[in-house]
Structures are given as C-alpha cells and as structure tokens.
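**Q** With the hints as a guide, bring the two chains together.
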Amino acid sequence: MHPDPGSARPSHNIAMWGAPGSGKTTLLASLSIALMRRRGPWKIIGADDPSAEFLEEKSLTLSRGEFPQATLDMESYRWVLVGEPKAPERRRGRLFGGPPKAAPAPRVGISLLDPPGGLYGDRGSVSATDQKELLDNLVQSRGIVFLFDPIREFDNGDAFDYLYRALVQLAKQILAGDDHGDGKLPHSLAVCITKFDDRRVLQTAERDGLLTVDPDDPHGFPRVEPEDAARLFHRLCEVSRSGNADLVVNALDQYFREDRIRFFVTSSIGFYLDPERNVFDARDFQNMVPNVTGNQQGLKAGASKFRIRGRVHPINVMEPMVWLGEQFYNSQPNNGTI
Amino acid sequence: MTVPREVPLPTALADATEKLDGTGRVVVVELGAGGITTYRLDRDDVGFLRCRGRNVPWPVLLGGRTSWDSGDAEGERAVLRAAGDLSGAVVFFVCPLPDGSPTDTAIAWLRKARPEARIYTADAVVVADLIRAAMANDPLRWPYDLVLLRAHPDGRLELTAEQLFPFGARRGKLVRRELRCEPSDAKGVAFAVVSWQDRDPVLVSIQAARVPAGRHELTAELRRPGLVRMSIRGVPELTEDERDWAELVSAVPLRLASPSGPMHLICAVETCGAPAKVEERLGRIRQMITTLSSELPDRLDVSLVAYGAHSYDARDPDPPIDVAAWTASPVRALESLRRLEDAGADARGYPDAARLEDMLAEVDRRLGSAATGRTALLTVGERPPHPPRVESEILPCPARHDWSQLLRRLENRPGMTLGAICDRPGERAGRAWSRLGGGAPAHLEAVDVRTLAARMGLRRPPDQLIPFPLTVD
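Those sequence lines, one after another, are chains A and V. Counting the first sequence from 1 gives a position; the numbering used here is that position plus 3. Mapping the second sequence onto the numbering used here, position 39 (from 1) lands on 20, and the numbers just tick up by one.
In isolation and in its complexed conformation, chain V is listed as follows (with noise of 0.2 Å):
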C-alpha cells in the first residue's frame, strides 16, 4: 500500500486508518528530536482503533558516538530495531529535522529497509496529535448499543440492546433516547455501552449514575471511537462504572415487581353503607393512586367506578353504574374522586348486598373484547354482590347479571391483575371477595396500600432493585 507523496499527512493518515481492517497495520516512525518514536496502530476485535508507542532516544540509539557513518551496522540494527516490524504496515516516516544530524542516516536506512514507504518532512507536526486526531475521527466499525432491559407483560425481565450509533458514525455524533428507570442501588443504573463481535456482545463502556425511577431522556455523544459521553437531565454526571459485567448481569431479577409499558388501574368503590366506612373506603382509594402516580410516572391511566345498592323500588328505579372517570390521568382521577368523597355515602337500597355485579359488568363492557394491555382492578366494599338468579337469602341482580361469570372473564384476560379491600378480615369476606382479591382481600383497617400495590403487581417490592435502564415501550 502505497500513499502519494502529495497528499498531506494528516489526510494520508487518516485515509490509512479508516482503510485499516482487522489484520492490517499503519505505522508512523517518526524521527524527531527525543529520538525515534515509533506509533503502530491496528483494529481491535470490535474495530475499535488503538495505538501503542514506543520511543527511543538518541543517545541510546547512538551508544555515546554523536553520529554514525553510512556503513556503521551496528547503528543500522539499532534504527532498525527502534522502528520495529514494517512488514505488511501502511509506513509513513515523518522527518521534522532534516538537518544533517543522524536523522539523515537513519532516514537513509529505513528507506532502504521500507522503500514504498512516503516521507514527510515538516516542521511544528506533532505526529501524536495527528494519530489521536485520526482515531477520534476513525468511523465505527460497528454499531454501538446501549444495553436495556426489556420487561414483558408478565414482568419477566431480558437483556437486550437498542442502537445509539450505527456504523459509519464519527465523533460529535449525538443521539437521545428515552428510556425507563427503576429504583437502583447506591451505586446507580449502569448505562452500558456495547459493540458487536459477530453476534456476541463486547463491552466497550460502562458509566453509572443514581437515576430517580420514572421515564427520562438520554442523551449519548460520540466523542471517538470507544469513548461515549452519557447525560441524563436532572441527573449528576454519568461516571466510571466499577461493577464488572458479571455482577450487573447477575443483579438483574428475573421478573419486574413493576412491569413495564402503560398500566390501567381501574378502582372500584362500594359507596353505600355507614358514612365512615365509604369515607375509608375513598381514602385507601387516594392513597392508592397518589402512590402509583408517582411510582409509575406518565404510564398509569385511573379508572373510578363507583356503585351503590340496588333499590329493589319501583318507584326509584337504580341509576346507571358511576363511572367517575375513564382511563383518566392521576390528577382528573383525583378530581373525580374528590367528588365522590363530597358526596359520601348512600344510605339507600339493599341492604345486605351492593351493585358489585353491575360494577363487573360495566367494567366488564368498557373493556371490550380487545386486548388492553396490563390493567388492574381494585375493588374497595364490604357487601356481597346479588346472585343472577334466587340461591340465598339475598335477592337476585335484576338485570341478571352474573358476578361468577363476569369475574371470570375479568380473571382470564390477558394482563388483568385483581385486588381488593374489604371492611371485613379475609376469613370473613366471602366467596367473591376472595376472588376478587385474588385469594386473599386485604382488611379495609389494616392495609398497607404500598404492600398491596406490590403483590398486585403495581409497583416494585421494596428490595427490588434494578441495575440497569429499561425500554420504553
């Protein structure tokens, strides 16, 4: 490989390493006044560009005489020797001091042992400057990902990898990605950068940062090859990461308490019975979505069902079941609660039993056929819902609506998650409360809204930490 003679050295060079593969060389000897410094360069297993320098004063190289003759052997090995191996090396020889001095010599010998070689000669060239400047601006050889967690539906967690820059791309090159956190531990979310060796991941970065849980944007710089810079707003700067690859790999759990992707969480709420009751009720309610709007920032749609008990009164026929509000955000969630609460309890109706099999329905309706993704229901009640036809003491539904059946269809939709609070303990609550907190109700006086939310899949368990960014789906 031959390089013309006028083409400028930062440009030959830079031409000669782009062009370099995984095999080949270039090789910058340059004979300047420190004495002879040899720069190799080659191509990592990833394409990454590396250099390894080696420089040899003159004194050493001369062995106390002050110059060599033309014949001197001796002188010729020692050059030689300071150049190293120029086999099958692109060679530039850079002569900043023609002058006279043993650098014509040894010049002289070099051109002999690599005669294609170019030489250049120029004054005030720092030879290390141009080489550092042709690796950060050597393309990539392979696309560089960022390493993510991807969380399925069921919660199960996989590692995965979304590209930041493709091949080709140079320094300065800037994206942004949004990107999901989760609580880490003290050391932070790594944020590892990889390449690729055929198909197998190679770690070329790995910066960390204590990331508050929630959404938030990334951005990467390339500022060379095998050095990205990370920043997050709002967060401290990205540092070194310590934590070997191993370690993080293996803090990862294998599913996430909290699932990723947009949660529905539909609450339910018994509003008939004694006014303190319905007003705990509504509580434990607010306490449920202002702790899940914070936990699950920007993804958690609140649907607000309120029932009643049927009037079993002709003449002041049930109204229709109280939807509050409907996939709404947190806040107008809050707001239409806020109204429930202003209206408090309905002493009216059926006294041993409430509307909860109209509530099934209308939820039942609202959800459709179609796949909604992950949604919860909490319902919040004491009372018993009516059978569809005579079976107990308590009259049937009369619109003949099913609660067992409609539970059932609720059960078996993809993503459901049910949970419940009942004013009576476990062992008293009955057969559909069991159901409908999916086996075991929480007691109305004892429930620790943040520990329910945790079993029903809401939010991440208190010793769940994860260690690395997670996709945004």
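Pulled out of the complex, with its shape left as it was, chain A reads as follows (with noise of 0.2 Å):
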C-alpha cells in the first residue's frame, strides 16, 4: 500500500493526544484492522513508507496478539483515507454536454504526529524541540484525537495535567490574535474513551444504562450510542482518583466550540469472543491476558505485561478519524482531496 505521495498530500493534520498508556500506538495499529472489518468504504493507505510500514508492522503486531511497543520517540506518519466515488450527478446546464462525470473518491489526509505520552505532559523529561514540535502540530491541525483512559484516570487521575498544559500553549499561540473572535480554538477534537473492554468502563456503562446492542451485529456486542459517549465521559471522570477530572469537562468546555466536539468510547482490541460460540457473552468478554504477575516476575525486556486473548474486534477506532475527515471535508466542499 505504497500510493503516489503526491496526489494525496493533505493540507490538514490530525494530533493524536493523551497521557503514557492511554493507547495511542494500540488505536493506530488497530485502525487498519477496524478499516478491514467493517467492510465500508473507507480504506486506509500510507503516504509514506514508514507509514506503511507502520501500519503493516503495528497491525500484524495487534493481529498476532500481542501490543504493540510504546511511542519512546516522536513519530510521524502520514496517511490517507480513501473513500469510495461518488456516483455521478446530472447537473443542470450539461443536458447536451456528454455523460456526467464521476465526483473523485474522497480522500482524507490524516497526518499523525504520535508522540510518547509524556511530551503533553512531563515537560521536565521532554526536549525543547520535541515539545516545540508537538506545540507546531497542534498548531498546524485542525483535528485532534484527545485519548481518555479511564482506567489510568482512575488509578492516577492525571488526566488534566497531560490536557490543561497542552491548551494553554496551544490557546497561547492561536487566541493570541483576533483571528478567532469567539474565543474557541479552530480544532474539532474526537474524545476517545478508550478501553471499552475493560470490565470498570463496560459495567460503568451498564449501570448508568448506556449500553446498547445493535440488532445487526453478529456478535451482539454492547455499544455506547454517540449521544451517550458525552454522559459515559462525565461519568468516568466523577470517579477520578485525583477527582480533578471535571476540569478536562470545564477546559473542554472552555477552549473547542461545543459542535467541534464529539466522544466516542472506543476499545482498540473489543470484546473476547468465544471462537465456537462468537457472540458477545456478558459474563466472560475481558480480551487483555497479562503475561506476568503485578511484580512482572519474569518478564523480558521490551514484552508488553499483556496479550490479547481472542481476536481483535476494534470498536470505534475508525469513527473519530472518519468524523474528522468529514469535518474537514464539508469544510471544503469543492474538492474530494481535503
């Protein structure tokens, strides 16, 4: 999947965000498997080829069953998602004028800047360069996929430090002008909820009775519609060990127009599925197997302390950089390429 770089060359960037272990190389890698299983018509291609290698190396990686390493440097890559064309449309004034002309395929530039988790954050432990160039990433997107991990909120709740540090540059830099006269930043943010599979999130939102079950789906796997993702986030966050989680609700708030934000609570490896039953079964779905005890006794140097158990069934990975490229794409409605 080596594509001509030059006619796919997108004029926006798409910033992965979130603090270390929020999953961030898990998500990427497993978008590409999400892209394949869903069967739509959105498929995703490298613009370059550490990209491509990326996504090949990180999705067999996922596919395999185990995680892929941790970001430990500043990664670029560059991606193109590519829908399907358009059918042609008649158009008023070319009656006489020869068959209609198929519209282009939609093509989303996404260009991820994923770096460690700590950059957000840590600026202690963080170069003035690399910071430098996140801060520019920021900048030059206009998308952003903020990663929330509950989990870690619940055990740390540093999940405002990792945000709050990052909006005051970028505000710093962008509202600093009168460009932006209603005080907001230019950036749609996609809010991952991640780790969907774990039992806390699932049975979080099991109590607050968000899930739901498409009646489609083989698997009958429970979902979040997008219209409970925002009450799930705020839920989560009332639970935060720090109990500062309301500030990323009041900052989100704060700094993004409300219709440039969505949530999405996703799982970059799903649900277990017994392999003779498939379907979803509600009393055994953890797919996360560790590999060592909590003291990691035994645990080579570079293995992740987990593995998946079953298949990888990625919920919700394709949606926030479907939703951002459509964000862009209306933006721009002249030209299939944004």
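Some clues are possibly wrong.
Sample of chain V residues lacking proximity to chain A, with all beta carbon distances greater than 10 Å (derived) [claimed, not checked]:
1. R31
2. A54
3. E55
4. R210
5. V312
6. E316
7. A352
8. L376
9. R409
Derived CB-CB ranges, DEER-like [to be verified]:
10. D429/V - S66/A: 48 to 54 Å
11. N393/V - S66/A: 43 to 49 Å
12. E372/V - D219/A: 29 to 35 Å
The hints are simulated quantities; they were obtained by calculation from the structure and are not laboratory data. We treat Cβ as the ideally placed atom computed from N, Cα and C, and that holds for glycine.
**A** This is how it looks when you write it as structure tokens:
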C-alpha cells in the first residue's frame, strides 16, 4: 500500500493526544484492522514508506495477539483515508454536454504525530525541540484525537495535567490574535474514551443504562450510542482518583466549540469472543491477558505486560478519524482531497 | 442329688461342677493322711467356678488321743465341724486310706450325716488335682468379651466389647481378633476381658502391653475360666495391669483426634509459578504422605491431583487436570509424586490465578455423590481460583466452574476435612484459601506438617493417649 504521495498530500493534520499508556499506538495499529473488519467504503493507506510500514507492522503485531510497543520517540505518520467515489450526478446545463463525470473518491489526508505520552504533560523529561514540534503540530492541526483512558484516570487521576498544559500553550499561540472572535480554538476534537473492553468501563456504562446492542451485529457487542458517550465520559470523570477530572470537562468546554467536540467510546482490541460461540458473552468478555504477575517477575525486556486473548474486534477506532475527515471535507465542499 | 457309685470320681466331679448353678455347691471331703480337707465349690456372680479349701489335721481332731470310739460324741462333732455345712450340696467323701485308723470312724459319722453321699476310695488320688482339673475344664457359663473402643466417624469414642469366647467354651479355646492400637502411655494398652451379669459387665482380667500404633492381630487362649492368655505378634508378653477400671475409663478421651477407619487423603498441588515454590509445595506433600502412611498404616489411601494455570490461548488449550494418583497406596502415590517433582514447575499460562476451580470440579466429580467415608482434601498452592464469570480483574474460568459452589459441596460432604498450605501467610491468602484451609491456611514457609495433620484430624495430637484397643471397622 504505497500510494503516490503527491496525489494525496494532506492539507490538515490530526494530532493524537493522550497520557502515557492511554493506547495511542495500539489505536493506530487497530485502525487498519477496524477498516478491514468493517468492509465499509473507507480504507487507509500509508502516504509514505515509514507510515505504510508502521501500519503493516503494528497491525500484524496486533493481529498476532501482541500489543505494539509504546512510542518512545516522536513519530510522524501520514496516511490517507480513501473512500469510494460518489456516483455521477446530472447537473443543470449539462443535458447535452456528454456523459456525466464521476465525482473523485474522497481522500482524507491524515497526518498523525504520535508522540510519547509524556510529551504533553511532563515538560521536565522532554526536549524543547520535541515540545516545539508537538505544539507546532497541534497549531497546524485542525483535528485532534484526544485519548481519555478512564482506567489510568481512575488509578492516577492525571488526565487534566496532560490536557491543560498543552491547551494553555495552544491557546496562547492561536487565540492571542484576533482571528478567532469566539475565543475558541478552531480544532475539531474527537474525545476517545478508551478501554471500553475493560470490565470497569463496561460495567459503569451498564449501571448507567448506556449500553445498547445493534440488532444487526452478528456478535451482539454492547455499544454506547454517540449521544450517550458524553454522559459516560462525565460519569467516568466523577470516579477519578484526583477528583480533577471535572476540570477536563470544563477545559474542553472552555477551549473548543461545542459543535466541534464529539465523544467516542472506543476499544482497540474489543471484547473477547469464544471462537465456538462467536457471540458476546457478558460472563466472559475480557480480551486482555496478563503475561506476568503484578511484580513483573519473568517479564522479558521490551515485552508487553499483556497479550490479547482472542481476535481483535476494534470498537470505534475508525469513527473518530472518519468524523474528523468529514469535518474537514464538509468545510471544503469543492474538493475531494482535503 | 446323687452320684452313681460306678462313675469314676473325676467324671462324677466334673459332671457335678458343670451342673452347678448360681446357688448350688459341691463339697468334696477328703480324709487323707494330713487330716480332713474340705473343698467347697460354687459359682461366683459371673458363673466362675471357685473353690475354697479347709484342712483340719488329725491331731487337732483327735485332741491328743490316737483314735475314737464310735460313741465319742465330741469326736463326732469335731469331724462334722471339719466337714462343714453339707446341707444342699453334692457331697463326695474320698477316703484314700481305709485302714482302720480314725478314718473309718470319721467316715462312718460323715455317712450318718449325709447317707446319700458317695464314698470314693482310691489310692494315689490327689483330690486337689482333680478339683483343679474340673475347674479348668469347666465350660464358660457366660461369654467372655474383650473391651474395645469404637471410634465414630466424627471421632467420638465409645466403649464397647467384642466377644472372645462364647457360652460353653472350654479351656484351650483359641481365638484371633483384629484390632487397632493408638499410642498409649507408659503403662501400655489395656486388654480387658469382661463377662456379663445380666447386662452389666464384670471384669475378668486386665492385661497390658506397650503396643505400637497400628493394626494388630490379638491371639487369646482360654486357659481356664477366669484366665485368658493373650498375645500379639511382635509385642512383649502381656502382663497384669495394675490400673483399676475407673482409672482406665477416665483416661479415654471424648474424641479421637485420629478417627478410626480408612482415610482418603487427597493432595491437590498447584504446579505453576516459581520453580522453587513448586518444589517446596511438592516437598510438603511428600512430608504429609510419609508422615501419615506411618501413622495410619494399612488404612490410608492417597490421591494426588496437580493443577496449573489456564492458557487463555486457543493454540494451547488447557489439558485435563492431572490426576497423578487416585485412591492409591501411599507408596504408589509417592511414586506419582516423584513424576511431578521431575516435571517441575509449569511457567506457562495465566499468571494471576490458577485452575483451582477445575481441580475442585475434578475432585468433586471423582468423589461422586455416594458416601466415601473419611476424606481429607489438602490443597497446596498460592493463586486464587478463576471466578465463574466476570467479577474481577481475574479472567473467568473457561469452563465456568464455580469454585465457591464446588467448595461448598465438598465442605458439606459427610466425613470431609479441608486443609491448605498457602505460599502466602493467612492474612494475605485470600478468601478462597481461607475456605480451603478450613478457616486458616498454613503458611508454606512455616508449616509443621504434623501439626497441620493433627489439626485436620488426620493424626493424633502428641498429647492424646488411648488406653484401650480400638475396633477395626
């Protein structure tokens, strides 16, 4: 999958944003699998060799049941999300002008800067160069994928730290001028609530009555409807260890336009399916298996603490990208390439 | 009662004594060289033939004279006094010396007093020997029983008796009885023989010996009524026990810490985890089997069950639970244990729990629903079981086995005892291990196997001594 980069040079970047361990790398790896599983109109291709290799390597790693290693250095990838061409449409004035011309396939350029999680929060451990590159990337982006890891938030309660420092810097650069009269950042923000496959997240959604099942889903996976995802986000923030998670909600409201924020309840690996039954079993759905005990005895260097139990069934990994792409696409109606 | 003259004295005497009931008497008056000797035989409360003898020498009877006249009233009174009360008795007069000496006069007076009595004249007859023989050959009027303790399944001890010799048994009768001995004090195990008066036991004899704990065969020989000789192969001769009955009975504990009957010890061991820990767990099991096999000889069955971790990997499905031995002899179980020791630890699989619930399901399945007598499940390991459904970070058991429910079934089994040795100390062992340990699992690093076995009721505590032998059920 090596497209001609020149034909799909993206004009907008999507920046990934999230605390260490929030699953940025795994989400990227699962994106390709998700697109293939969905059999929808979209496919993703690498815009350059490193991006294509990244996609291939991480996807294969994940499909083998292993978690890709976390990002250690700033990595930049350029992919193109390619849809199906729109059917030709007749236009007034062309009745005698020959056959109708097919609209070009929509091509959503996505440039992902995948930084190690620490870059956003812990300034002391990051070089000034990387900080600047990241901030520049956020400034130049028009879409942000913000990964909110409710398990990490429950255990560490540091989501606000990671969010706020970057937001302040971003606002300082973008909102200092008069270009944005409403005082809001111009970005579209996809808030991904990760680890939906975790027992505690699923059970929180279940307790709050937020779970539904798509009757057309042969596996019967539970899901949270987009309109309920924000509610789950608020609910998960309430059980934060630090008690500052409500500030995350406030900060998002303060810096982004309401119509440019969307919440997604996601899982990169999805729920476990018994291969024989092949349907979701509420008694046994955890898809992540520890490789070692809590004290990490016997863990080989570089090995993940966890592996994947069964097949990967990504949940809502593609949707944030597609939504962001559509946001860009809709803002430039005359061109299939963003 | 008359005795036909033609019947020889030994036969007539045996016949008369055998027919003695609880109120009758047989009196043998011997007029011998040493004077008049009277033997009075009757039966005691338990039908035991007893004899009391009394001798009055001739010089005493004659009072300084050399003979009597037939009309010597004083001499007649002296002779009748020497013979004693003859009323209501079967009387034999034995005269070895019919030579005209005072014997003739004395026998005449006696015959006048008891004309129906038979007179036997015989040289070289030793009346005492005849009586001894008659007593020795006397058949038992009541059965003789051996006092034993019966241990109920819950360990409760009950005094009981098993017959050694039935009614009518005679001397020389030999019987063998299987019994079991527990450790006793320095005075040994008391082998008490009782007879019965109505329904009350009457002690016949108590003999004692230091008998090793375990199953033994007792040989008892009826030497004569009232005398039973007992022996146990490999045990020094039994001697008369000086303890009285009350002392012996009061020394019997209410319960036997090591109840009787066969014992089925199921050792379940977690074979996943650190190799050193697995080796130590297997070592504890070896200690337990070895200890109990010596303390419960011939009545210990051992099962050995090994379990590891779930794989949660479709490419490496879980094997069946390894039942290395089931109701095997201790020797056979130790051989199977060697195989587990050689295999060592299994490092694969889920790291935070083990297939404890699968092990419980397998044990429950093998025990079945029928009563199986005394059974002890000793579990040795560390990890918690998998839940039957999502309820913690630990993945559910793929087979959906419910460890709590399975454990409850085992806990409620009659005769079941639970014990556990956990790598972690009790306060950190977790809920499942607390239950597996019957409330408090022993700590692997500090466990004393003998103490644990005693706590589980598998062996006698050091201070429990049992003064009587036990029945073999």
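**Q** Does each hint fit the structure? Answer for all of them.
**A** Hints, one by one, checked against the model:
1. The beta carbon of R31/V sits about 81 Å from the closest Cβ of chain A, which is more than 10 Å, so the claim that it is off the interface holds.
2. With a cut of 10 Å on Cβ distances, A54/V stays outside the contact zone with chain A, its closest approach being about 114 Å.
3. For E55/V, the condition that its CB be more than 10 Å from all CB atoms of chain A holds, with the nearest at approximately 112 Å.
4. Against the 10 Å criterion, R210/V stays outside the reach of chain A, whose nearest CB is about 68 Å from its own CB.
5. Annotated as non-interface, V312/V keeps its C-beta farther than 10 Å from every C-beta of chain A; the closest such distance is 36 Å.
6. With a minimum CB-CB distance of about 31 Å to chain A, E316/V clears the 10 Å threshold, and the non-interface call stands.
7. Separation of A352/V from chain A is adequate, the least Cβ-Cβ distance of about 34 Å exceeding the 10 Å criterion.
8. Not every C-beta of chain A lies more than 10 Å from that of L376/V, the closest at about 5 Å, which undercuts listing it as non-interface.
9. Every C-beta of chain A lies more than 10 Å from that of R409/V, the closest at about 13 Å, which supports listing it as non-interface.
10. For the pair D429/V and S66/A, the supplied restraint of 48 to 54 Å holds, since their beta-carbon distance comes to about 53 Å.
11. For the hinted restraint 43 to 49 Å between N393/V and S66/A, the CB-CB distance of approximately 48 Å keeps it satisfied.
12. Here the CB-CB span from E372/V to D219/A is close to 30 Å, well matched to the stated 29 to 35 Å.
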